[in-house]
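Undergrad: Sequential numbering of the sequence shown, starting at 700, is according to this note's numbering.
Derived from the structure by calculation, the hints contain no laboratory data.
From a predicted model like this one, the values you see are computed outputs, not experimental measurements.
No incorrect hints appear here.
Cross-link-like lysine to any residue pairs, in silico, SDA-like; alpha carbons within 20 Å at most:
{"id": "1", "residue 1": "Lys-973", "residue 2": "Tyr-758"}
{"id": "2", "residue 1": "Lys-948", "residue 2": "Tyr-829"}
{"id": "3", "residue 1": "Lys-894", "residue 2": "Ala-932"}
{"id": "4", "residue 1": "Lys-834", "residue 2": "Tyr-892"}
{"id": "5", "residue 1": "Lys-948", "residue 2": "Ser-766"}
{"id": "6", "residue 1": "Lys-973", "residue 2": "Met-960"}
{"id": "7", "residue 1": "Lys-894", "residue 2": "Phe-878"}
{"id": "8", "residue 1": "Lys-973", "residue 2": "Met-962"}
{"id": "9", "residue 1": "Lys-894", "residue 2": "Val-947"}
{"id": "10", "residue 1": "Lys-894", "residue 2": "Thr-944"}
{"id": "11", "residue 1": "Lys-948", "residue 2": "Arg-779"}
{"id": "12", "residue 1": "Lys-948", "residue 2": "Val-824"}
{"id": "13", "residue 1": "Lys-834", "residue 2": "Ala-879"}
{"id": "14", "residue 1": "Lys-948", "residue 2": "Gln-764"}
{"id": "15", "residue 1": "Lys-834", "residue 2": "Met-960"}
{"id": "16", "residue 1": "Lys-894", "residue 2": "Gln-945"}
{"id": "17", "residue 1": "Lys-834", "residue 2": "Phe-898"}
{"id": "18", "residue 1": "Lys-948", "residue 2": "Trp-776"}
{"id": "19", "residue 1": "Lys-973", "residue 2": "Thr-757"}
{"id": "20", "residue 1": "Lys-834", "residue 2": "Arg-961"}
{"id": "21", "residue 1": "Lys-948", "residue 2": "Gln-770"}
{"id": "22", "residue 1": "Lys-834", "residue 2": "Gly-889"}
{"id": "23", "residue 1": "Lys-834", "residue 2": "Leu-846"}
{"id": "24", "residue 1": "Lys-948", "residue 2": "Leu-772"}
{"id": "25", "residue 1": "Lys-948", "residue 2": "Tyr-892"}
{"id": "26", "residue 1": "Lys-948", "residue 2": "Arg-961"}
Label pairs and their computed distance ranges (CB to CB):
{"id": "27", "residue 1": "Arg-978", "residue 2": "Ala-906", "range": "39 to 49 Å"}
{"id": "28", "residue 1": "Arg-941", "residue 2": "Gly-806", "range": "29 to 39 Å"}
{"id": "29", "residue 1": "Phe-918", "residue 2": "Ala-810", "range": "29 to 39 Å"}
{"id": "30", "residue 1": "Thr-855", "residue 2": "Val-947", "range": "35 to 45 Å"}
{"id": "31", "residue 1": "Gly-914", "residue 2": "Gly-940", "range": "30 to 40 Å"}
{"id": "32", "residue 1": "Thr-831", "residue 2": "Tyr-943", "range": "23 to 33 Å"}
{"id": "33", "residue 1": "Thr-926", "residue 2": "Ala-968", "range": "54 to 64 Å"}
{"id": "34", "residue 1": "Ala-791", "residue 2": "Pro-905", "range": "18 to 28 Å"}
{"id": "35", "residue 1": "Met-962", "residue 2": "Ala-810", "range": "40 to 50 Å"}
{"id": "36", "residue 1": "Ser-976", "residue 2": "Leu-902", "range": "46 to 56 Å"}
{"id": "37", "residue 1": "Arg-978", "residue 2": "Leu-909", "range": "45 to 55 Å"}
{"id": "38", "residue 1": "Leu-797", "residue 2": "Pro-832", "range": "32 to 42 Å"}
{"id": "39", "residue 1": "Leu-909", "residue 2": "Leu-936", "range": "14 to 24 Å"}
{"id": "40", "residue 1": "Gln-769", "residue 2": "Gly-914", "range": "49 to 59 Å"}
Note that the Cβ used here is the ideal one computed from N, Cα and C, for glycine as well.
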Amino acid sequence: MLRIGLPGRIAAVRLAPVPIHRQQCNLFTSKLSSPKRPSLPHGSRLRRQSSSEGSAETYPGMYGQWSITQQDLIEVWTYRICISVVAGTFAAGTALSLINPNIAATGVSSALAGLGAAALGLALVQIHIYVTPLKRMLQLFWLVGVLGGSYVLFSTGTASLPSYVAENNSAVWFIGPSFAALTGLTFKEGVCYGKGEAFTLTLLLPALLLGHLSGLGNFGSGAVDHTLAVIVAGLLLVFAGRKYTQPVKDDIGDGSVFNFMRMSPEEQAAVVSKLESSRGGGGSSNGVDGN
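Please take these sequences and the hints and turn them into a complete structure.
TA: Here it is as structure tokens:
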């Protein structure tokens, strides 16, 4: 028995055991689909409402067949472009600080940091995560970091926020939450798709900030900080580039779940009833709770 917890309501659905394929992710972007899963009766297909369809191909999902719409394509490509902007601005800022510190100490580096932060915020809006509280938590971390960075920028009168943080280790406390949000994003990508660079970033991003905060990164005239920053910049570029090699449906996950979550209680009850009728009430009992 699968108990699906939704805000203000709980729906119980009997489902047959579903084989879990490699690189599946239940909490973030689920791929609970299988060619052997019975489909819903004719006319019960779940689709996202859109002015135009992005793809005529349909995919089996937990709550029925679903297809990629134009809105799906916009969300996925916006997400990927935002990740590219985050990677590009971080790499550019890192290169600038190493090649020409004088320019890095100007408002140019602050502009790069602001652009990267804005792109990360938009990426966290477009990211597909089933468990809404996890998504909201990442967005909250991002917001706290942006507010902290803004406070440092305007309260100190510095032209370059990155340069100020580099010279004042304790300033990491103010911007750190935004990097925690980015770490959460890379962790999600690593868990869901088995991306090695994403897993490595999940370790190195905290190491970079904690090393600087503790002062350990200052050894060798900042050589540790510089080395970690260069490695992180390179991995972010690889991570962003590889996003474009994924099928769009992988970034969406199981579209039928998102459709179901947006339905009214009456519509959800109708879908659950059709699912139970289609599967004849058979299946094993499973004590799994999810959103």
